[in-house]
Every structure is written in C-alpha cells, then in structure tokens.
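K.L.:
Sequence:
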Amino acid sequence: MFDPTPPSTEQTPAPASGGAPLRAWQRRALTKYLVASPKDFLAVATPGAGKTTFALRVAAELLAHRTVDQVTVVAPTEHLKHQWAESAARVGIALDSRFSNSTGQTSSDYHGVVVTYAQIASHPFKHRVRTESRKTLVILDEIHHGGDAKSWGEGIREAFGDATRRLALTGTPFRSDDSPIPFVNYEPDQDGLMRSKADHAYGYSDALADGVVRPVVFLAYSGEARWRDSAGEEYTARLGEPLSAEQTARAWRTALDPQGDWMPAVLLAANTRLAQLRAGGMPDAGGLVIATDQTVARAYAKLIEVITGETPAIVLSDDPTSSARIAEFGKSDQRWMVAVRMVSEGVDVPRLAVGVYATSASTPLYFAQAIGRFVRSRRKGETASVFLPSVPVLLDLASQLEAQRDHILGKPHREKDGFDDELLADANKQKDELGEEEKAYTSLGADAELDQVIYDGSSFGTATFSGSDEEADYLGLPGLLDATQMRDLLRQRQQEQIDKPPAGPAVPAPAVVNDRATSAGQLAGLRRELNSLVAVYHHRTGKPHGVIHGDLRRICGGPPTAMASADQLGERIAQLRKM
Numbered sequence: 014m015f016d017p018t019p020p021s022t023e024q025t026p027a028p029a030s031g032g033a034p035l036r037a038w039q040r041r042a043l044t045k046y047l048v049a050s051p052k053d054f055l056a057v058a059t060p061g062a063g064k065t066t067f068a069l070r071v072a073a074e075l076l077a078h079r080t081v082d083q084v085t086v087v088a089p090t091e092h093l094k095h096q097w098a099e100s101a102a103r104v105g106i107a108l109d110s111r112f113s114n115s116t117g118q119t120s121s122d123y124h125g126v127v128v129t130y131a132q133i134a135s136h137p138f139k140h141r142v143r144t145e146s147r148k149t150l151v152i153l154d155e156i157h158h159g160g161d162a163k164s165w166g167e168g169i170r171e172a173f174g175d176a177t178r179r180l181a182l183t184g185t186p187f188r189s190d191d192s193p194i195p196f197v198n199y200e201p202d203q204d205g206l207m208r209s210k211a212d213h214a215y216g217y218s219d220a221l222a223d224g225v226v227r228p229v230v231f232l233a234y235s236g237e238a239r240w241r242d243s244a245g246e247e248y249t250a251r252l253g254e255p256l257s258a259e260q261t262a263r264a265w266r267t268a269l270d271p272q273g274d275w276m277p278a279v280l281l282a283a284n285t286r287l288a289q290l291r292a293g294g295m296p297d298a299g300g301l302v303i304a305t306d307q308t309v310a311r312a313y314a315k316l317i318e319v320i321t322g323e324t325p326a327i328v329l330s331d332d333p334t335s336s337a338r339i340a341e342f343g344k345s346d347q348r349w350m351v352a353v354r355m356v357s358e359g360v361d362v363p364r365l366a367v368g369v370y371a372t373s374a375s376t377p378l379y380f381a382q383a384i385g386r387f388v389r390s391r392r393k394g395e396t397a398s399v400f401l402p403s404v405p406v407l408l409d410l411a412s413q414l415e416a417q418r419d420h421i422l423g424k425p426h427r428e429k430d431g432f433d434d435e436l437l438a439d440a441n442k443q444k445d446e447l448g449e450e451e452k453a454y455t456s457l458g459a460d461a462e463l464d465q466v467i468y469d470g471s472s473f474g475t476a477t478f479s480g481s482d483e484e485a486d487y488l489g490l491p492g493l494l495d496a497t498q499m500r501d502l503l504r505q506r507q508q509e510q511i512d513k514p515p516a517g518p519a520v521p522a523p524a525v526v527n528d529r530a531t532s533a534g535q536l537a538g539l540r541r542e543l544n545s546l547v548a549v550y551h552h553r554t555g556k557p558h559g560v561i562h563g564d565l566r567r568i569c570g571g572p573p574t575a576m577a578s579a580d581q582l583g584e585r586i587a588q589l590r591k592m
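When you line the sequence shown up against the working numbering, it's residues 14 to 592, in that order.
Everything labelled a hint here was simulated from the structure, so no lab data went into it.
Among the clues, some could well be false.
[Said to hold, decoys possible] Okay, derived cross-link-like pairs now, DSS-like style, lysine-lysine, Cα gap no bigger than 25 angstroms in a straight line: (1) Lys-210 - Lys-45; (2) Lys-591 - Lys-556; (3) Lys-315 - Lys-344; (4) Lys-45 - Lys-148; (5) Lys-52 - Lys-210.
Whenever a hint applies, use it, and build me the whole structure from the sequences.
P.N.:
Structure below.
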C-alpha cells in the first residue's frame with residue numbers, strides 16, 4: 014500500500030554544478046534557462062548532441078541553489094532509465110532507476126528517481142503526491158510520447174501539473190496527430206496552424222557545422238529483385254525505379270531476404286567500409302544491422318560470421334538481457350551487432366559508425382531514431398556510413414536528414430506523415446509471423462548494385478555493380494573527414510567515375526581457376542569479372558542480372574556471390590563463358 018506521507022525532509026547534499034565543459038549550444042541553452050527561470054522549458058536537439066548532459070547540468074544548478082529538492086526523470090524505456098541513472102552518477106547526481114510504483118519510496122541518499130512513461134500512466138496519482146511533497150524538477154525525455162489524448166500524456170499531466178519546474182527534451186520529429194503535448198507551448202504560424210515552439214532548438218545542420226555530430230553518408234543499393242506470387246506467376250522489378258506501392262514493397266522484402274544475393278553483397282560492402290574506418294582513425298568503430306525479426310536477424314548474423322570470421326552480438330527486444338548485451342557491446346571491440354529493430358529502445362553506443370538498414374520500416378520518426386544511433390561524434394572528423402535499399406521513401410528521408418520539424422496541430426493529410434507513436438511502436442515490434450501480404454508471394458532472389466551515395470541532401474555517383482572498382486572508391490573514403498572535405502571528395506569521386514572511359518572487351522581468361530585464391534583482393538577481382546560477364550550476358554539476352562546469378566547458382570551450386578569461394582566464383586565464370 015502506498016504511503017502518501019511526505020518522505021523525510023532531510024536534504025540530500027547537492028551535487029557540484031561544475032562537471033565536464035559544456036558544448037557551445039549547451040552553454041547558450043543553460044544561460045537562456047537560468048536567466049528566464051521558466052516553469053516549463055522545451056529543448057529540441059538532434060540525436061547525439063548531448064541533451065542528457067544539458068538536462069543534468071540544469072538539474073545540478075537547481076539542486077545546488079535549492080530551487081528544487083528532488084528530480085524526477087521520465088524516460089520511454091527501461092533501458093533508458095538505467096542510462097539516465099549512470100549518466101547522472103557521473104556528474105554527482107544520484108538517481109534511483111529501480112524505483113517502483115508498488116513501494117512508492119526511495120532512499121534519502123538519492124536526489125531523485127528515474128521512471129518510465131508507462132509507470133506514470135499506471136499510477137499518476139501516486140507520482141502526483143510524491144511531486145507535491147517536495148519541490149521537484151521533472152525532466153521529460155522524448156516528450157513527443159506525451160500527446161494529451163494518449164494515456165501517457167494524460168498520466169504526466171496529472172502527475173506533474175504542480176511540479177516546481179518541468180524540462181522537456183526531444184531529438185526527433187513530433188507526433189502526427191492533433192493531440193497537444195503536455196507542457197509544450199504552441200503559437201500560430203503563417204498559415205494559421207498552431208505550431209509547437211521550442212525554447213531552444215539545435216538541429217542536425219547546426220550540430221554538423223559545430224562538429225558535434227558526424228556527417229552521415231548514405232550508400233543506397235538497388236538491384237533486380239524477383240518473386241513469385243500465389244498464382245505461380247513470376248515478376249521482376251528493379252529497386253529504385255518507379256513502381257507501384259505493392260511492387261516496391263515486394264522488391265524491397267525480396268532484397269532483404271538473407272537467402273538471396275542482395276543482403277550478402279551489402280553486408281560485405283558494409284564490412285569493407287567498417288574495416289576502412291577502423292584502419293583510418295576509428296580503431297574501435299562498430300557496425301549495426303537493423304533487422305525486422307528474430308529469424309532474419311539470426312540469418313544475417315550467420316552471414317556476418319562467414320564474412321568476418323567473428324560472431325556478432327545479437328540483441329532481441331524480448332530478451333531480458335538485451336540491455337546488458339548492448340552495454341557489453343558498447344564497451345568491447347566487437348565489430349558487429351544485429352538488433353531486431355529496437356532503435357527507440359536505447360541502443361546508445363557512441364562507437365557505432367556503420368549501419369545496415371535491413372528493415373521495411375519507413376516512418377520518418379523510426380528512420381530518424383535509427384540514424385540517430387550513428388551520429389554521435391567522439392572526435393573531430395569522424396564519419397558515419399549507412400547502407401540502405403534504394404527505395405524512394407528511404408531516399409527521401411535520407412535527403413531530408415537536416416530538415417527541422419515541429420509539431421503542428423490541425424495539419425491536413427496528416428495520415429501520410431508517419432510521425433505517430435503507434436506507427437513507431439508497430440515498427441519496433443518483432444514480427445516473426447508472416448502477414449497475409451507476405452504469404453502471398455515467394456522471394457526468388459535479388460542482386461545488388463550501388464545505386465547512389467547521398468550526402469548533405471545531394472546525390473553522388475552513378476550506378477555500379479557490387480564488387481566493382483567504382484564501388485571500392487566510395488567504400489574506401491577516408492574515415493576522418495569534416496563535412497566540407499566529405500562533400501568535396503564525393504564530388505571528386507563522382508567526376509572521376511563520369512570521366513572514366515568505358516571498359517573494353519573482356520580479355521579471355523582460363524576456363525577454370527586452378528590456383529586457390531584466398532586474398533580479399535583476388536576474391537574481389539573474381540567477383541568483378543563475374544559481374545562484368547553477367548552484364549554482358551544481360552545485354553545479349555535481356556535476362557535480369559538477378560536471374561542470371563540465380564541460374565548460375567542452380568547450375569554450379571554454392572552460396573550467393575558475396576559469400577562464394579574463389580573456386581566457386583571460377584566455376585561460375587567458366588559456366589557463363591559457355592552460355
């Protein structure tokens with residue numbers, strides 16, 4: 014039974030308000046906050062900019078000056094609760110992340126507690142009593158979860174309506190519905206719509222200019238995808254070309270099939286990029302594959318193990334040890350982690366620098382949170398690379414990474430925006446059972462080509478085969494570059510690709526590769542030769558690249574091209590010369 018009696022008024026010693034030096038935006042925001050002394054303050058800062066550090070500095074100042082006596086942090090997930098407590102402890106603020114509704118009490122040794130929105134929604138009155146008993150600063154992390162019509166929003170409004178101070182934080186686009194977010198101010202814009210107003214905003218473009226976040230280079234891969242519908246009819250479509258919504262969805266899912274050629278080729282390219290970063294100034298750089306469900310996550314992990322010889326970490330959202338696995342990976346030198354979506358559940362590993370977006374989730378909020386896993390900068394010049402399917406919705410989101418968004422009430426055609434929490438929650442669910450749409454067709458395979466490179470809202474490069482010299486040029490970009498250097502180098506690479514003369518006729522090669530080629534360079538050469546011959550055969554017969562690769566695998570056996578040995582590649586080359 015919860016005891017509403019106020020806890021002991023014995024004051025926990027206030028933390029020192031010094032701590033690590035603040036970044037320029039944090040200093041500006043802190044000065045603005047301390048001068049205004051507002052009851053409510055909304056800070057919007059891009060993922061990786063340091064919202065937690067800013068909020069804890071505000072908390073330290075208010076505790077030191079006895080403006081408040083305790084702190085309550087509200088986070089979206091259990092994992093983030095513990096991250097908040099650990100971050101607070103580093104600056105001398107003791108927060109109880111194991112506080113429960115059932116006891117409703119915490120030790121007087123703590124400056125406050127960390128709870129989830131779900132905890133608040135289940136017993137808002139209990140938290141209201143606790144808030145009213147002492148002067149309280151409430152920090153609302155990812156406040157976009159708190160729309161008024163939602164149970165979470167109703168809960169925080171009831172629990173914290175009488176808080177002494179409220180500090181709201183967010184780093185991603187706001188909601189898609191018309192539910193006002195509690196404790197956020199709205200003002201009419203030029204169209205007469207009510208737009209959320211941040212008290213301090215620090216966007217990705219600002220953070221990039223300041224060197225606070227990494228430049229993100231998107232490597233978009235297309236390719237021929239083939240599938241068979243329930244009536245037995247086979248279809249071929251190319252990722253990135255104008256297709257119907259149904260064709261795009263099926264081509265996309267076909268590309269993500271771990272049994273095809275597309276995923277092994279993209280994982281191989283991503284690992285090459287990761288190796289380049291680790292050798293070029295980021296020796297502990299890590300990679301993250303974002304998968305749709307447990308089955309494909311395990312299959313991707315096996316592909317990575319074959320490519321690297323190292324077993325990757327696997328993080329599943331229903332695994333009670335997932336937080337520990339993420340923390341262990343963050344502190345290790347392990348190259349790869351495969352996560353079943355989970356991007357909104359606190360995958361906070363600063364050394365992540367290479368991502369593979371291997372999911373069909375495409376809401377703007379989900380995409381923004383996913384890319385936020387890779388942008389946290391630790392030193393000047395670090396870059397991030399994200400590999401993704403070349404489909405219009407993802408290319409558009411990648412091009413608009415720097416767009417600043419607000420929550421707008423009464424916006425028409427809102428259902429197409431994709432910023433809603435329900436859509437995000439659905440995107441984060443594990444989906445091990447096939448839906449009716451997925452059961453209606455069978456994947457027959459897809460090949461991979463580097464379609465374009467997107468950086469700073471611009472597209473660079475022209476389509477090139479996986480394993481080609483042109484692809485290697487982009488994968489070999491230096492690991493330490495500032496934003497201007499990255500932009501200039503991409504333009505240079507593109508011009509070199511355009512100016513390069515077309516390749517002449519292929520030089521005849523021995524029918525069989527006798528000597529066992531084991532070096533990465535020799536394997537890459539064989540892949541390039543095979544892809545060139547496939548291209549020639551495609552122009553001669555009109556058969557899609559993916560069909561040709563599939564025919565070779567059926568005739569010769571063996572794994573996808575990216576996983577094939579030198580002998581297997583040589584056999585396919587010899588077979589193709591006979592065809």
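K.L.:
For a quick check of understanding: which of the numbered hints are violated here, in increasing order?
P.N.:
none
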